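Trainee: Heads up: the protein sequence lines correspond to chains X and W, in order. At position 178 of the first sequence (counting the first as 1) the number is 178 in this note's numbering, and the numbers step up by one without a gap. At position 105 of the second sequence (counting the first as 1) the number is 105 in this note's numbering, and the numbers step up by one without a gap.
In case anyone wonders, no lab produced these hints; they're calculated from the structure. The model shown is predicted, which means the values in this text are computed figures rather than measured ones. Just to be clear, a hint being listed does not mean it is correct.
[Claimed, not checked] Some residues of chain W that are not near chain X, with every Cβ distance over 12 Å (derived): (1) E40; (2) G73; (3) E112; (4) E160.
[Said to hold, decoys possible] Below, computed lysine-lysine pairings styled on DSS-like, alpha-carbon distance capped at 25 Å: (5) K119(W) to K53(X); (6) K4(W) to K110(X); (7) K65(W) to K164(W); (8) K193(X) to K110(X); (9) K4(W) to K151(X); (10) K93(W) to K65(W); (11) K169(X) to K151(X); (12) K65(W) to K79(W).
Heads up, the beta-carbon is just placed ideally off N, CA and C, and yes, glycines get one too.
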Amino acid sequence: MTEATPTPDFHRMNIPGAIAGVLTLILPFLGAWWSLTLGTDAIVVATSPFEAKTFIFGNYIASPLFEWFCLGLKLGVTYLGLLLIAGSILPAMNRNEDLARVFINFASRKLLWLVLIFVVALVIFVLLLNQTSSVLPVRIDIPFPYLVWTKSLSADMENMGIVIPICAKFTYAFDVAVIAAVSGAYSRIYHEKL
Amino acid sequence: MDEKIIRSAVPIIPAVLLIGCILAAFATHGWDVQATLFAEDPAKTAKSLTEFGSGAPGGGSEFFKFNDVDISGDRVRVKLEVQSPLNIPITVKELSAEIPVGDGVGMVSLPEPVTIPAKGSASLNLEGAMPDARTIPDPHARKNPAVRNMNMVLDISGIELSIKQPKGVGGVS
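This is chain W alone, in the form it adopts within the complex (with noise of 0.2 Å):
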């Protein structure tokens, strides 16, 4: 080859490269600008990430559901269904929360750190003692008691996220 194209074609042939890569981004995706730049509809990215932030205890969360309450004895299980909606595993080390018997209000903690599955769903089963006797005409009079008063660590990915729901704000039922 003639030493002068070689000397012409040496500095233009990494722009060529570089543009003809930005030409194929574009070509590939059929010359749609959005879909060229964002792989994802970035609203729908920013959704999902932002529906964990409002998924934490309170009103009309999709991440807690309240299952089952049982009494037995002297002891209170409260069973809540958890829903993840990110891609990454959520150890729920602490939980806590009040719940309503009878008049009277119990305690109710997890024994042991539960990890929520990426995407998917765990059972929490809480459990406490009840509370005084003497205050509980019926334990089971309500068949829907909420929990409430939540505290909880949770563990994202070596994230420690601590959330106490604040006093008298909903509950999950």
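Isolated chain X, as found in the complex (with noise of 0.2 Å):
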């Protein structure tokens, strides 16, 4: 005997999580979420939890043991994604509802925590540059920006003045984790509605 294939349902799709899915899985291959430079690229830091580039005067930090850390975070997100493409699409095709329910439940609210984690990190790293301000040849307190800011600073010493342009955005590659982020935490709601 064979089983009957059900039909599909598309007014069952958690459309949210499908959302929030796609999003979440193309989220790691759009680069940096935050960017802080000095200068034109004299100091460059582009970060986002899935990578952390630093330049400074050309030379790039790199840590590998952060890097193969954030392949794990990539790849632990693009897992979330899939698990919200199919706990999306298991209700519209009448199969495994509660596995449905499992994957939506485990992942909808993952990348929300991890923005939230992600700018939280970031503004106790700006304070910490603050604090310690020797990223540079020269010995200069610098107030450092916190998340968005598009500023010029000069200083002048004793023999020495310096001007800097700093410039913190975040690109639009967070935009887009905030867009899965409430597209996954909204699907866990609309999955109960389902």
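Fit chain to chain and form the complex, with the hints in mind.
Mentor: Written out as structure tokens, the structure is:
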């Protein structure tokens, strides 16, 4: 005996979950979420939960452990995206609805937490940077920007003057992450209504 | 696959991926903690960065090398060799200095900005007028006059650094 294939009912698809899933899948490949630039490219910090690239006067500061850790996060987030897509589509296929709920419940809020942790980590990073202020070859106290800032700082010391344009900004990838995170969180509520 | 297995595997997989990647980081670097934490020796990286800071004009600098002085007519020309330790280009926007000529002191300056390539060198040709001719019994009397009291403005990838050599400190010779 063959089991009859259930007819797909796309009205029962978790649309916010599917959107969140697709966005979550592409998110690790969109690059940095936030960047801090001193000068045009004298010092560049470009970061996301999946990468942290730091260039200081053309020197790339790398940590293999951190790069592997970021790869783990990349794979983990890709996995969350797949769970969200599977959890959103399964009800439409009239199959394994309990499993779909497990997928959605597990994956829906993780990205939101990741976004929140990223923002808090950034604030802590800038706070620490402001405490140390020894990243430049000259010792100078620079108030580094918190999250979003574009300003030119100048300082005069004995026999030395310095003008540093500083730009800190979120990239479009962060916007995508926020949309994915909110859609993911909403997909859990939406799923209850299906 | 059994639904129960899937249910229990769902929350474990991300942790397995993360721990697997951390273990892979150590395994690919021969379980050497320092090599896994830092791609380059942090002391070496810090040294290469501070080299530039200590390479500003002044005593024993490898940043500037005095090459030649040429006096013709009422003009004095000084050639400086600049070596950049940085991996990014540096533009010397302005540079002026004093050079003793005979009993007087000549002022030389850079006619136009010069870009030093990353980790490369460039020649800076400073030019200026001779000091008052009456003070110069023999302009060529000092073969190796020291360039002193340098003032310069550097553009390091958008960061503008103005450096003044303190009066009476060293010189490039």
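Trainee: Would you check whether the claim that G73(W) is not at the interface survives, using Cβ distances to chain X and the 12 Å cut-off?
Mentor: Answer for G73(W): holds, closest chain X Cβ roughly 34 Å.
Trainee: Between K4(W) and K151(X), is the straight-line Cα distance small enough, at 25 Å or below?
Mentor: 56 Å, violated
Trainee: Grab the minimum beta-carbon distance between E112(W) and chain X and tell me whether it stays above 12 Å.
Mentor: At about 21 Å from chain X, E112(W) clears the 12 Å cut-off, so the statement holds.
Trainee: Can you confirm whether the C-alpha distance between K119(W) and K53(X) stays at or below 25 Å?
Mentor: 21 Å, holds
Trainee: Can the restraint linking K65(W) and K164(W) be considered satisfied, given a maximum Cα separation of 25 Å?
Mentor: Answer holds: K65(W) to K164(W) is near 17 Å, not above 25 Å.
Trainee: Would you mind confirming whether the straight-line C-alpha gap from K169(X) to K151(X) stays at or under 25 Å?
Mentor: Given that 25 Å is the threshold and the Cα spacing comes to 12 Å, the pair holds.
Trainee: Beyond 12 Å from chain X, beta-carbon-wise, is E40(W)?
Mentor: Its Cβ does come within 12 Å of chain X, the nearest being 8 Å, so this is violated.
Trainee: For the pair supplied as a hint, K4(W) and K110(X), confirm whether the alpha-carbon distance does not exceed 25 Å.
Mentor: 22 Å, holds
Trainee: Starting from K93(W), check that the Cα of K65(W) is at most 25 Å away, please.
Mentor: Since the Cα atoms of K93(W) and K65(W) sit roughly 18 Å apart, the hinted pair holds (cutoff 25 Å).
Trainee: Compare the distance between the alpha carbons of K65(W) and K79(W) with 25 Å, and conclude whether the hinted pair is satisfied.
Mentor: 9 Å, holds
Trainee: At 12 Å, judged by beta carbons, does E160(W) keep clear of chain X as stated?
Mentor: The claim breaks: E160(W) does not keep its Cβ more than 12 Å from every Cβ of chain X (closest is about 4 Å).
Trainee: Is it true that the CA of K193(X) sits at most 25 Å from the CA of K110(X)?
Mentor: The given pair, whose Cα atoms are some 21 Å apart, holds under the 25 Å limit.
In summary, the structure is inconsistent with hints 1, 4 and 9 from the numbered list given earlier, while agreeing with the others.
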